[in-house]
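**Q** So you can see what is in the structure, the chains are spelled out below.
2 protein chains.
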Amino acid sequence: MKITSAANPRVKAAAKLRERRGRDEQRRIIIDGVREIARALAAGVELVELYYFPGLATDHEHQHLLKRAGEGRGMLIEVPPHVIEKLAFGQRVEGVVAVAKQPQQSLADLAPPPGSLIAVIEGVEKPGNLGAILRTADAAGVAAVIVAGGGTDLYNPNAIRASLGAIFTVPVCAAPSPAVLDWLRARQYRMLAARVDGASDYAAADYRGPLALILGSEAHGLSDLWRGEDIASVKLPLLGQVDSLNLSATAAAAVLFYEALRQRRET
Amino acid sequence: MKITSAANPRVKAAAKLRERRGRDEQRRIIIDGVREIARALAAGVELVELYYFPGLATDHEHQHLLKRAGEGRGMLIEVPPHVIEKLAFGQRVEGVVAVAKQPQQSLADLAPPPGSLIAVIEGVEKPGNLGAILRTADAAGVAAVIVAGGGTDLYNPNAIRASLGAIFTVPVCAAPSPAVLDWLRARQYRMLAARVDGASDYAAADYRGPLALILGSEAHGLSDLWRGEDIASVKLPLLGQVDSLNLSATAAAAVLFYEALRQRRET
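These protein sequences, in sequence, are chains A and B. For the first sequence, this note's numbering begins at -7 and goes up steadily by one. For the second sequence, this note's numbering begins at -7 and goes up steadily by one.
Some hints here could point you the wrong way.
Listed below are the simulated DSS-like cross-link pairs for lysine-lysine, each with C-alpha atoms no more than 30 Å apart in a straight line [to be verified]:
{"no.": "1", "chain 1": "B", "residue 1": "LYS4", "chain 2": "B", "residue 2": "LYS93"}
{"no.": "2", "chain 1": "A", "residue 1": "LYS118", "chain 2": "B", "residue 2": "LYS78"}
{"no.": "3", "chain 1": "A", "residue 1": "LYS93", "chain 2": "A", "residue 2": "LYS78"}
{"no.": "4", "chain 1": "A", "residue 1": "LYS93", "chain 2": "A", "residue 2": "LYS118"}
{"no.": "5", "chain 1": "A", "residue 1": "LYS78", "chain 2": "B", "residue 2": "LYS78"}
{"no.": "6", "chain 1": "A", "residue 1": "LYS118", "chain 2": "B", "residue 2": "LYS118"}
{"no.": "7", "chain 1": "A", "residue 1": "LYS118", "chain 2": "A", "residue 2": "LYS59"}
{"no.": "8", "chain 1": "B", "residue 1": "LYS59", "chain 2": "B", "residue 2": "LYS8"}
{"no.": "9", "chain 1": "A", "residue 1": "LYS78", "chain 2": "B", "residue 2": "LYS118"}
{"no.": "10", "chain 1": "B", "residue 1": "LYS8", "chain 2": "A", "residue 2": "LYS227"}
{"no.": "11", "chain 1": "B", "residue 1": "LYS78", "chain 2": "B", "residue 2": "LYS93"}
{"no.": "12", "chain 1": "A", "residue 1": "LYS93", "chain 2": "A", "residue 2": "LYS(-6)"}
Which stretches of chain B does chain A cover? Using the computed rule of at least three CB atoms under 8 Å from a CB of chain A, they are [unchecked claim]:
{"no.": "13", "stretch": "2 to 13"}
{"no.": "14", "stretch": "75 to 81"}
{"no.": "15", "stretch": "173 to 185"}
Read the hints as simulated data drawn from the structure, not as lab findings. A quick note: this is a predicted structure, and the numbers were derived from the prediction, not measured. Even for Gly, the Cβ is constructed at its ideal location relative to N, Cα and C.
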């Protein structure tokens, strides 16, 4: 079908998905960009609508995406540039924006393979940072990412974009921290929490076997819930010449994920 | 002194420093934020003006900064909120914005201690990414960062901000890639270039001794200049389940800098 007006009720409903309130009310998300939509489709995310402007959707990648989306139950909607611009976010306008059902993954559903490396991120401040961490988790083979802490807006457009779609390919869910801790204990994950006051150097730790890496936010670190006899703490060396310039959450996650991968590949 | 109008010529000249053209013409830079300015001062950057709004500069950190700046040759300028807002960038308004002489560091001046680990970043796309890499370099004890490639705008406000001021504490300079390569060869740095098609795994490489880690941009990688018999290439494992989702430059730098630090601390 074709829609030519940005005032069309469908378009207006889709535009509301850029805000959290719209996502919560409609239980849908909005995905911008050909790669991100393709990754969502590949991961089984259910498209509802795919808005496209033909003039920007001429290359092979776009054509392939339109064909695949058309084969599913999603509705292809041809729109003029000003409608795509209304739906797109950020500076990039790729000519395709999708509306999808919000993936529902609860802690109870999360079932990484036995012996996996998983990551817990508590209190992540910016959706873009969460996206960057998910992207690194994907590359490093982290089997699942649990976002701990109340009120996390997992499918914020900035998180989707910064993840380049890894938010759909890495199993991910959000849950309150106490529930996450219970989940980890019940499944007997060994827990390694990264803290600036960690008891030992990260490089001296053993990252093999079933392991949960627990990271806090840059500004607030981890809550005290993550102190306990069954939770080891590690720190990253900080050699900065000036005052306490700690690592960004993104950089800390990259270092820890790849150190874990390095050790796990050696065995 | 006090300035109350945003139309004051000094304020207008300072506001122009947010754009590259203004920085190039005036050979000055603008620094926003109390920590960033403090780090610049500590690193010997020469302040020209410090604009402050007293209502937002009440805490110890601000007072200390104003005192230090007042002791130097920089001029303290009290302004109302709307002038600070005109000068500040981003969402954060901390009540202090400094104008400083642009630090002049050329390749010829750069003299890291013998045996150092240094980093070369070629073609970095976004000032924010450069800032994030500088921040990680500071934490990991990288002795100098050379930004290779034409036209790099080192002191872009976004680079300063994302570095949290590390851009002033880590020795940094920009130069064309061929000049950087000559510089490294003349000083007999061993060179390790990170590439997606690298010859060996990054974790199998030796990072000890005088070493230059060479990183390219996320979109374009490294130019072919960085292929040669005296340049080893390494790659980071990418286990992503979908298509070629490579690491961000920030994440790749973090992994390499900390692997180097890990090995160098062991010896």
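**Q** Find the hints from earlier in the document that the structure breaks and name them by number, from lowest to highest.
**A** 7, 10, 13, 14, 15
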